[in-house]
Structure formats: C-alpha cells, structure tokens
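Start from chain Y and add chain F according to the hints.
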Amino acid sequence: MILFDKIRWRAGIFELGPVSFEVPFGKYGMLMGRTGCGKTTLAEILCGLRVPDSGRVWINGQDISDREPGKRGIGYVPQDGALFPTMTVRENLAFVSRIRGLKPAASAPSVERLAGLLGISHLLDRKPAHLSGGERQRVALGRALAAEPSALVLDEPLSALDEETHADLVALLKKVQRSLGLTALHITHHRQEACQLADHLFLLADGAVSPLEFAP
Amino acid sequence: MLAATASYSTPGHLLKALLSREIQHSVYLSIVTCTSTALLSVVFAVPAGYLLSRTQFPGKTLVEVVLDVPIVLPPMVVGLALLIFFQTPLGRMLEKAVPLTYTVYGVIVAQFVIGAAFAIRTMRGTFDHLSPRPEAVALTLGCSRARAFWWVTLPSARGGVFAAASVAWAHSLGEFGPILVFAGATRMKTEVLPTTVWLELSVGNLEAAVAVSLLMVLFAGAVLLAVRKAGERV
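Protein sequence lines correspond, in order, to chains Y and F.
For the first sequence, my numbering assigns the number 1 to the initial residue and increments by one for each residue that follows.
For the second sequence, my numbering assigns the number 217 to the initial residue and increments by one for each residue that follows.
Here chain Y stands alone, though its shape is the one from the complex:
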C-alpha cells in the first residue's frame, strides 16, 4: 500500500497539507487536481526527492520517510519520462543492473524480457531523441520496472499523447500493474483517464486530499 500520513510542505506562500490518504495494497490509485496544486510535490515527497516539513510516508506497512530515494522500493516515472539522453534504450533499461554491478551480458536477459513485455524490443539500440512520446513513456516505465519496485509512482505519464497512443498505454499500464500486482499512484488531471484506470480516486484541492466517488 501507499500511505501519506499528515504530510505538510510549504514553500513561500504555497502550502500543502495536512495530506493523509492511502492506496490499498495491489490497487491502482489516481490523484487528480488542477495544475500547480501540488500533485508532483506529493509524488516527489513519496519518492524521497523532497523532504516534507512534517508527516510520514509508508509503503506496504513500512515507514520509508527516512530512507534514501533508492531504498524506498518505488519505481518512479516522472513527467516526460526523463530518460537518460546520452544512453540507448537498452542502457536505460539496464541502468539499475549497472548500479548493482552487473555486466551488460548478465543483465541482457532481463532487459530483453522487459522490452518484450512493453513492446519496445525493436527500439533497444535507439537513443531517446529518436523515440516518439509514447515510446519514451514505455521505456520510462520499463526503466522503473527494472528495479523490481513494490510500488509505482507515475506523474502524468500519458499527457501530450495522441488518442491512439494514449489508449495503448492505458491498456499497457493496466496489464503491467495487474500482472505484477503493484500498488500504483498515478497523477493526472484527466478525469476520463482516471475512470479508465483507477481502483481508487483522490482529489487534491486547496492543499488537502479527499477521496472522489466515480463510476468506472
């Protein structure tokens, strides 16, 4: 599960919190809100990239608030994918293995398997500059999954995609999340997208999060 427990964060006149909500284990949670309301800030707090002024964050029953970003068991897909621009798709997917000291040959089978799952095997030798928006998002997802996370955090992964690519990626996200049993927190400001994917829907407004009723 993903749990935010009374998170507060403040920068200048912008104030967030107290924020408390939970995405149950193995479920797909979506956080909606207007642009600039603090959704990305919450995602970064969860991933350990920002330190909250107060409050705790939990993953699968463990308080991860004091852990470094790399030790939280979170696969993070930021806006635009944020691929490593000087590395090929293969190198992006193998990045975690490289951190863990594995040689490229040793990580090749898992990279190929991941590429197959995401439909990007034909892109492995390309660099991010030569990928479409949808392809970049698939690679970003693959890079996050390569770390075998307990939870996925996706920050507007489907924005700026055409309708067909959007539909393909919605189907892919659903398939991946369900087959791997991951708890996911997906940030969006598109209600339709939320209805297509969410098990649980939340709204961030005026610095606080509340559950939203919706008809899937």
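Keep in mind that the hints were calculated from the coordinates and are not lab data.
Mixed in with the good hints there might be a few duds.
To be verified - Label-pair distances were calculated between CB atoms; the ranges are:
1. F:F273 <-> Y:A160: 34 to 40 Å
2. F:G275 <-> Y:K174: 49 to 55 Å
3. Y:I13 <-> F:S347: 23 to 29 Å
4. F:W366 <-> Y:A160: 29 to 35 Å
5. F:L267 <-> Y:A11: 19 to 25 Å
6. F:V314 <-> Y:L102: 43 to 49 Å
7. F:W366 <-> Y:N60: 29 to 35 Å
8. F:S347 <-> Y:E163: 25 to 31 Å
9. Y:A160 <-> F:H345: 18 to 24 Å
10. Y:R191 <-> F:H345: 32 to 38 Å
11. F:G307 <-> Y:A160: 54 to 60 Å
12. F:Q272 <-> Y:L102: 34 to 40 Å
Stated by the list, open to error - Rough simulated footprint, nothing fancy, chain F against chain Y, three-plus residues with beta-carbon under 8 Å:
13. 42-53
14. 72-83
Since the model is a prediction, treat every value here as computed from it, not as a measurement.
C-beta atoms are modelled at their ideal positions from N, C-alpha and C, and glycine is treated no differently.
Below, chain F alone, put in the same frame as chain Y:
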C-alpha cells in the same frame, strides 16, 4: 578591421615571423599555457557551475559576485592583485612550494583567474538548461548523488564542457594585462603571443607586430573551428 590588418602585412612578413625562434617559442608557450588553463578551468568550472545552478547555500550571492569580479575588473588590476596576493604570508608560502611570479606557471595562473570565471558562467548556464529530472530518477533507482552526476548529468553536459573549455582557451590566448604584470614579458621564458605583439610594437617593429597579430587571429580561428566541429559531434 581584420581585412585592414591583413592588408598591412605580407606573406613575407608572416613567414619571417614564423621562422623567428622567439616567436616560435611564444607560439609554443601560448598553446601550452592556454590548453593548461582551459583544462584547469573546466575542472574548476564543472563542480562550481553545478553547485551554483542546483543548490542553495548561505552566501551564494556573494560567491557569485566574487566569481564574476575577474570578468569586470580591468586586466591590469587583476595582474596587480595577483602580484600583491603573492607578497602576503599565504602567497609567499604558496610561492615557496611552486614559484609562480614571473614564471610560466604565473602565466597559467594569470590566464586561469579570468578564463575560469568565463568557464564557470558557461557551465552554470549549461546546468541551468539541463532538466534535473533524469538525475532525480537515477537517485530513485539507487544511484548515489555523485554517481548520478557522473553517469547521467555530466554526459548530458558535455557540449557545455566543450564550450567552457573553448571559452577559457580563447580568453587565455588574448590575455595580456595580468600576464604582463604578474608573469612579465621575458623573451624565451614567459613571452606569449599577446606579449610578443606588445614587445614588437615597443621596439617599433610594426610589421612583425601585425604579422603576429594575424597569426593569432588565424590560430585562434582554426582552434575554435576545430573545437566547434568537435563539439557538434559530441
């Protein structure tokens, strides 16, 4: 302006300049010192530019001002300041370890003070334009901050590194005031191309001064073109 200068010289003057032992030494010393300065400037500018771009710390504005001061000061003042600094107790201590004043190392120090300032500005601009998100993702994947910088951010900044090195190199080639005051203009010892122009002018040898000036223009143009081409491929 360049055309006018070129028309004042002849191929014969250029050849005579190239065959002169003193000028050959000056060319060699300019290449060695400018390249050393460019490399040193980049080593200093990359971490400084990164810190200025990505972090907040007390006194940051003051640090920025101090790093920009060599750019705005008159070059002779920079040389004078260096000379005075190396007369202080700390300066004398450094001087004992590595003789700098009126030596080749002094040429590099004089070039570095200004070259590094330009290199830092270039690197800061580079890091300002690079998205911090890839580095953040690297952290979530288990990278340390240093490794994320080395594996992700620095390769993305290599165009800027090339630019910083070429800016530092180009400024060093034209540096005159600080070198004259701090390292002197001793023939066959601390004489670099700008001081050659000055020395030739001071003895009334206008043709040689113009020839060396043209040499500097051609030389700088060739190196900058090569660096630009290399930078495009990077």
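Is 29 to 35 Å a correct range for the gap between the Cβ atoms of W366 (chain F) and N60 (chain Y)?
Hint holds: Cβ distance 32 Å, inside 29 to 35 Å.
H345 (chain F) and R191 (chain Y) - C-beta distance against the hinted 32 to 38 Å
34 Å, holds
Measuring from beta carbon to beta carbon, are W366 (chain F) and A160 (chain Y) in 29 to 35 Å?
Holds, since W366 (chain F) and A160 (chain Y) (Cβ atoms, about 31 Å apart) stay within the stated range.
For the pair Q272 (chain F) and L102 (chain Y), does the Cβ-Cβ distance stay inside 34 to 40 Å?
Holds - the Cβ-Cβ distance for Q272 (chain F) and L102 (chain Y), about 36 Å, lies within 34 to 40 Å.
Does the Cβ pair S347 (chain F), E163 (chain Y) satisfy 25 to 31 Å?
The hint (25 to 31 Å, Cβ to Cβ) holds, given that S347 (chain F) and E163 (chain Y) are roughly 27 Å apart.
Three residues minimum, CB to CB under 8 Å: does the stretch 42-53 of chain Y make the cut for coverage by chain F? Let me know.
Our answer is that it holds, as 4 residues pass the Cβ test (under 8 Å) against chain F, meeting three.
Whether chain F covers the stretch 72-83 of chain Y (at least 3 residues having a Cβ closer than 8 Å to its Cβ atoms)
Holds, because 9 residues of the stretch 72-83 of chain Y bring their Cβ atoms closer than 8 Å to Cβ atoms of chain F.
Take a look at whether the Cβ-Cβ distance between L267 (chain F) and A11 (chain Y) falls inside 19 to 25 Å.
21 Å, holds
Is the distance from the Cβ of G275 (chain F) to the Cβ of K174 (chain Y) consistent with 49 to 55 Å?
51 Å, holds
Determine whether the Cβ-Cβ distance between G307 (chain F) and A160 (chain Y) falls within the hinted range of 54 to 60 Å.
57 Å, holds
Cβ distance range 18 to 24 Å for A160 (chain Y) and H345 (chain F), holds or violated
20 Å, holds
Is the gap between the beta carbons of V314 (chain F) and L102 (chain Y) within 43 to 49 Å?
45 Å, holds
The structure fails none of the hints (numbered hints given earlier).
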